[in-house]
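Chemist: Please work from the sequences and hints to get the whole structure.
Number of protein chains: 4
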Amino acid sequence: MIIHVKQDAKEQEIQELTTNIKEAGFEVHRSDGRNRTIIGLIGDTSKITENDMKRFQVVEDAHRISAPYKKANRHFHEDDSIIDIDGVKVGAENFMVCAGPCSVENEEDTVALAKRLKAAGANTLRGGAFKPRTSPYAFQGLGVEGLRILQTAKKETGLPVVSELMSTDYLDEFVEMVDVIQVGARNMQNFDLLKAIGKTNKPVLLKRGMSATMKEWLMSAEYVMAGGNENVIFCERGIRTFETATRNTLDLQTVPVIQKESHLPIVIDPSHAAGIRHIIPSMAKAAVMSGANGLQIEVHQDPENAWSDGQQCLTPDEFDELMTTINMLLEIEKKTTGMEAIVQK
Amino acid sequence: MIIHVKQDAKEQEIQELTTNIKEAGFEVHRSDGRNRTIIGLIGDTSKITENDMKRFQVVEDAHRISAPYKKANRHFHEDDSIIDIDGVKVGAENFMVCAGPCSVENEEDTVALAKRLKAAGANTLRGGAFKPRTSPYAFQGLGVEGLRILQTAKKETGLPVVSELMSTDYLDEFVEMVDVIQVGARNMQNFDLLKAIGKTNKPVLLKRGMSATMKEWLMSAEYVMAGGNENVIFCERGIRTFETATRNTLDLQTVPVIQKESHLPIVIDPSHAAGIRHIIPSMAKAAVMSGANGLQIEVHQDPENAWSDGQQCLTPDEFDELMTTINMLLEIEKKTTGMEAIVQK
Amino acid sequence: MIIHVKQDAKEQEIQELTTNIKEAGFEVHRSDGRNRTIIGLIGDTSKITENDMKRFQVVEDAHRISAPYKKANRHFHEDDSIIDIDGVKVGAENFMVCAGPCSVENEEDTVALAKRLKAAGANTLRGGAFKPRTSPYAFQGLGVEGLRILQTAKKETGLPVVSELMSTDYLDEFVEMVDVIQVGARNMQNFDLLKAIGKTNKPVLLKRGMSATMKEWLMSAEYVMAGGNENVIFCERGIRTFETATRNTLDLQTVPVIQKESHLPIVIDPSHAAGIRHIIPSMAKAAVMSGANGLQIEVHQDPENAWSDGQQCLTPDEFDELMTTINMLLEIEKKTTGMEAIVQK
Amino acid sequence: MIIHVKQDAKEQEIQELTTNIKEAGFEVHRSDGRNRTIIGLIGDTSKITENDMKRFQVVEDAHRISAPYKKANRHFHEDDSIIDIDGVKVGAENFMVCAGPCSVENEEDTVALAKRLKAAGANTLRGGAFKPRTSPYAFQGLGVEGLRILQTAKKETGLPVVSELMSTDYLDEFVEMVDVIQVGARNMQNFDLLKAIGKTNKPVLLKRGMSATMKEWLMSAEYVMAGGNENVIFCERGIRTFETATRNTLDLQTVPVIQKESHLPIVIDPSHAAGIRHIIPSMAKAAVMSGANGLQIEVHQDPENAWSDGQQCLTPDEFDELMTTINMLLEIEKKTTGMEAIVQK
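Chains as they are written, first to last, in the UniProt record's numbering: chain A, 1 to 345; chain B, 1 to 345; chain C, 1 to 345; chain D, 1 to 345.
Treat the hints as calculated values from the structure; they're not laboratory data. The reader is advised that the hints may include incorrect statements.
It does not matter which identical chain is meant; a pair holds if it fits inside one copy or across any two.
Unchecked claim - Below, a list of computed lysine-lysine pairs in the DSSO-like style, where the Cα atoms sit at most 30 Å apart: (1) Lys54 x Lys6; (2) Lys260 x Lys54; (3) Lys70 x Lys260; (4) Lys195 x Lys54; (5) Lys260 x Lys6; (6) Lys215 x Lys10; (7) Lys260 x Lys195; (8) Lys10 x Lys70; (9) Lys260 x Lys10; (10) Lys47 x Lys6; (11) Lys54 x Lys115; (12) Lys22 x Lys6; (13) Lys6 x Lys215; (14) Lys89 x Lys199; (15) Lys54 x Lys215.
Modeler: This is the structure in structure tokens:
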């Protein structure tokens with residue numbers, strides 16, 4: 001971290017500041033320019049922030065040089081991480097295609113849909129059992145029964161399942177019953193939840209908070225990884241902006257930025273970003289060419305009768321059609337969904 | 001809710017739509033204009049959203065008329081609610097002045113500071129025991145020991161205490177040891193936490209999420225109230241915008257808007273919004289004149305040595321000076337902190 | 001437009017409102033529901049806004065049904081518009097590849113670069129002569145001399161040229177010397193400039209304002225078209241959000257939304273959105289698959305010595321490599337840059 | 001400006017960089033830390049940006065230390081500037097109360113309203129003659145005839161007049177006919193307009209762009225001042241955020257921030273920020289206590305029949321009532337509107 005000392009600082013104030021910094025465990029590199037003194041902190045700055053330095057009156061400004069994340073940082077882990085989801089690989093040239101309904105509604109439909117999705121090329125199945133709804137009066141999901149249905153769908157198709165965990169109260173059930181724990185946008189900075197998941201070894205799909213910076217997102221991954229669980233997959237699902245024509249603004253620039261900063265894979269969820277059906281296919285295709293490591297797409301056999309988010313679900317036919325183009329693009333990108341392996345299961 | 005049917009809709013499609021709506025438990029008021037049919041839903045629409053209607057292909061657009069919140073809604077509760085915090089009242093003409101350190105650090109300093117704050121006019125004491133920190137490597141708060149210190153400070157001063165709860169794991173301790181449970185910005189849509197707090201009768205200070213709309217904020221209050229706990233106080237603490245000169249943008253327009261929509265009190269936290277010391281006094285004074293029902297301000301006896309957020313703490317002297325003006329403004333606004341009652345305790 | 005009358009409105013107030021609306025030239029369709037009256041306005045509502053109705057105390061809310069833009073509206077012009085830029089077509093299956101330096105610096109480099117770009121597959125040449133710079137002390141562009149250099153580059157390569165006009169003072173020179181007048185993000189709502197350009201028949205590249213909604217953007221196109229000039233091409237160049245890791249957030253969802261609302265083509269400028277070189281190729285490829293009608297990309301023969309925006313320029317070699325993939329994607333999308341025609345020129 | 005060189009930079013690359021910087025006219029202060037080299041630029045950095053440095057591959061990051069604005073900078077002009085508007089002073093303890101209709105509609109009403117406003121305590125009159133309307137089909141203002149009406153109102157009341165200039169085409173008329181040229185939010189970065197106004201000596205009310213950072217706003221003031229016209233007054237009118245309950249989000253934190261950075265006065269326009277009548281009085285009072293140097297408020301004798309923005313106009317009675325409290329607050333703030341001087345005119 002580099003500290004700019006105020007121009008009118010007295011020598012004694014600078015001395016006190018450097019003493020303070022040394023007591024906090026850092027070495028100090030001081031450089032006196034003609035008008036101004038600059039102080040460099042040497043040591044592990046991941047536990048302090050720029051603000052920790054700005055509390056000193058003599059400090060004009062502070063700029064971090066090394067990133068505050070270590071385990072998520074590509075600097076210390078040059079190769080792409082590949083996350084293993086019960087046999088399905090995500091990361092590097094391995095592409096995730098995660099599809100399924102917003103909410104799990106019943107066993108028959110879920111199993112039938114899972115079969116269709118697998119046939120179309122999905123390699124993982126998503127389905128909500130616990131739903132974060134803005135209104136306390138809205139349908140809140142089937143709960144553990146939903147997880148059980150997902151297990152059945154997995155048994156029938158071999159597709160690993162992804163579902164959202166909203167509270168540590170159900171962590172044990174999730175560890176037992178799902179293959180990927182999804183952390184929703186609203187819980188990206190639910191630090192107690194992240195810590196608890198960090199103590200398991202279950203793969204995590206970490207959605208970006210609606211107004212989270214990429215740096216904060218990386219720090220939330222760091223929370224999980226600091227606990228020992230390094231199986232984190234980022235998932236961009238749109239950020240909140242002033243634009244109201246779409247539900248959120250899909251930020252595909254995250255893909256190259258996150259991939260430069262981190263070795264972890266990043267997948268794109270165009271369904272929640274758009275919130276409108278007709279936008280989803282073009283954004284899914286764009287996501288592949290942005291270099292993303294996967295997609296998460298909502299599909300429902302009958303969107304007009306979906307219990308939640310029907311306006312943003314593709315039909316199975318639309319998904320089929322989309323996958324035809326996706327597969328052409330994956331060839332250009334030299335990526336694979338590894339469907340051959342799954343189909344043989 | 002008013003539904004605009006697509007201009008090219010066929011009669012049969014409109015019939016199917018109205019059947020669907022009736023099956024969902026609503027009465028239908030249909031109006032056929034020259035170019036277009038409009039359908040009004042009659043009944044309790046709080047459990048559905050506009051999107052639930054947009055999933056039907058024949059629907060062009062849907063607009064809610066009655067608000068989706070009921071218990072928080074001024075429409076059904078005309079008078080201002082007054083929340084009782086162990087004797088200190090907040091709401092209507094009763095003004096909350098909540099001050100204290102970002103983090104509780106030790107007993108001696110906390111008690112000494114609480115005495116200074118009370119003398120200056122604070123009627124409640126804030127202090128963080130569990131801290132939501134962006135980095136897993138940063139100081140995470142003293143935990144339950146911090147709550148114990150706040151209890152001691154209360155015993156010494158009579159000031160009710162406010163502290164942030166981050167997880168249902170510590171709900172029992174909070175119910176026992178604090179007077180107001182604070183829900184932080186990052187947890188405003190941690191619905192499981194809101195539900196759990198809703199089953200207690202402890203007053204709640206509900207901070208606005210960093211990118212939450214006022215409507216979502218009202219819905220989060222509704223989550224708490226739906227459980228039976230109607231002691232909710234809103235707290236605006238700045239929203240996230242493109243501006244980087246300040247940490248967040250303080251949105252004082254929330255005060256008249258929330259007070260029009262809801263009977264619940266709303267207080268302002270200028271410390272977290274600004275993130276810079278020199279901005280806080282002017283924003284605190286502005287907050288009083290915006291019509292707010294209270295203030296939450298960070299004060300530290302020695303900001304340069306605060307363990308967290310020192311750059312945004314006032315000194316006790318600065319707080320004294322601020323309170324002098326605040327008291328003049330409260331007189332203009334015909335509001336009171338009720339200090340006479342507290343001092344006699 | 002649909003107006004929701006307040007629930008407690010008196011009959012006389014409703015009568016006054018409808019009289020008012022009729023005097024403004026609209027027919028009224030009134031529908032009295034059980035709790036509430038809804039009023040529909042029939043007629044050309046493009047000249048009024050929802051706010052014009054909300055000024056009446058008796059009005060609770062107003063929602064526009066038909067879009068306020070007419071000439072830009074696909075509803076009244078079903079087929080894709082194809083804009084002719086001195087022989088290069090943009091729109092429908094015709095794809096624009098516009099490349100060149102941020103600022104025109106000198107004749108020799110500009111001509112040499114234009115030849116390289118054409119060889120790589122660009123079908124139009126961009127170059128700034130008048131530069132909108134945040135600081136009055138920064139380089140402001142070569143002015144008319146820059147336009148002259150672009151003309152020379154066109155003579156040497158046959159590539160039509162695109163340059164930004166900042167003020168009506170130079171409109172005549174632009175009409176004479178460039179093939180596409182670019183309106184920059186900062187001038188998207190410079191209505192006097194739009195009106196003046198609307199009286200020419202020169203193709204216009206209309207950049208989206210940094211915080212403009214898509215609806216406002218469509219209305220700015222409408223300003224140009226209302227004057228008689230229907231040769232408008234939209235250009236998305238990133239919007240301003242809270243994210244600071246990139247200069248702006250590229251909003252590719254504009255592509256399907258604008259194409260649904262309007263018949264006009266839309267192209268993507270990933271250079272200004274990203275503001276960082278390494279992000280540009282992946283976003284350019286994503287843009288093609290989003291369905292965009294073209295790209296605008298900054299290329300400089302020596303970015304380290306560019307007079308402006310060097311950090312976001314590709315080198316000619318990087319552009320060559322990018323175009324190889326772009327051409328594969330255009331084949332999938334069944335689009336063409338029409339290079340055969342240009343090369344023969 | 002401080003430059004962080006990349007950690008793996010070779011000595012020769014650093015040498016080339018410093019040579020480059022010296023050729024651009026700066027002195028270089030180099031500091032070699034254990035892991036990294038830092039380079040300080042000494043000289044007038046106002047004509048370069050951080051990006052100008054980031055174009056060099058060897059540069060990791062660059063941070064400006066001294067602000068890029070000079071004439072607007074309090075550092076070089078310690079005392080508050082006081083702008084003289086034909087006898088009415090704004091700045092330091094002199095408070096501007098600028099009121100009037102959104103659009104000038106006719107002479108009789110404008111004169112009558114001006115008299116009422118003056119009696120209530122306004123010291124300047126606002127009125128739109130050229131209106132920036134989102135739609136080309138909406139009422140665009142009376143034009144020069146509107147300016148003539150404002151002149152008549154001034155003759156009758158002595159109140160100096162403020163009106164918005166949208167294009168250099170009418171600069172001469174504005175210089176002759178108004179006392180303050182208003183630059184609207186949409187034109188804050190219309191640099192050609194700013195330059196032209198900078199060559200006059202007319203006071204300027206510079207509105208903040210809807211998504212402009214405070215730093216960009218200061219740079220726009222610098223554009224005007226660089227031309228020689230130092231009579232700039234900032235006007236905050238709300239910024240664009242995700243919140244839709246209000247038209248814009250009023251950012252009162254600008255007041256202490258701008259006043260610390262600059263010697264120029266700053267006034268607040270709560271009418272355009274809110275866009276809703278009932279919010280305006282509380283925000284106007286909050287603005288005074290934020291330390292602002294003035295207010296701009298829309299008042300219309302009959303908001304229900306205003307030709308534009310009626311939903312955000314106060315009635316003259318509401319303005320009277322507001323001014324009663326404003327005057328009490330000005331006493332606390334030790335500020336004055338100087339009405340005694342005006343009344344004697």
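Chemist: Now tell me if each hint is right for this structure.
Modeler: To see whether the hints hold, each was checked on the structure:
1. Lys54 x Lys6: Classified as both: same-chain Cα gap 11 Å, cross-chain 25 Å, threshold 30 Å.
2. Lys260 x Lys54: both (29 Å within a copy, 17 Å between copies)
3. Lys70 x Lys260: within (14 Å within a copy, 37 Å between copies)
4. Lys195 x Lys54: Within. Shortest intra-copy distance 28 Å satisfies the 30 Å Cα cut-off; inter-copy 37 Å does not.
5. Lys260 x Lys6: Intra 34 Å, inter 15 Å, cutoff 30 Å: inter-copy only.
6. Lys215 x Lys10: Intra 35 Å, inter 28 Å, cutoff 30 Å: inter-copy only.
7. Lys260 x Lys195: Within one copy, since 25 Å is at most 30 Å while 40 Å is not.
8. Lys10 x Lys70: between (36 Å within a copy, 25 Å between copies)
9. Lys260 x Lys10: between (41 Å within a copy, 22 Å between copies)
10. Lys47 x Lys6: Classified as both; 24 Å inside a copy, 22 Å across copies.
11. Lys54 x Lys115: Answer is between; shortest inter-copy Cα gap is 28 Å, intra-copy 57 Å.
12. Lys22 x Lys6: both (19 Å within a copy, 25 Å between copies)
13. Lys6 x Lys215: Close inside one copy (27 Å) and across copies (20 Å); limit 30 Å.
14. Lys89 x Lys199: Classified as within: same-chain Cα gap 22 Å, cross-chain 43 Å, threshold 30 Å.
15. Lys54 x Lys215: Classified as both; 19 Å inside a copy, 20 Å across copies.
When held up to the earlier numbered hints, the structure conflicts with none and fits them all.
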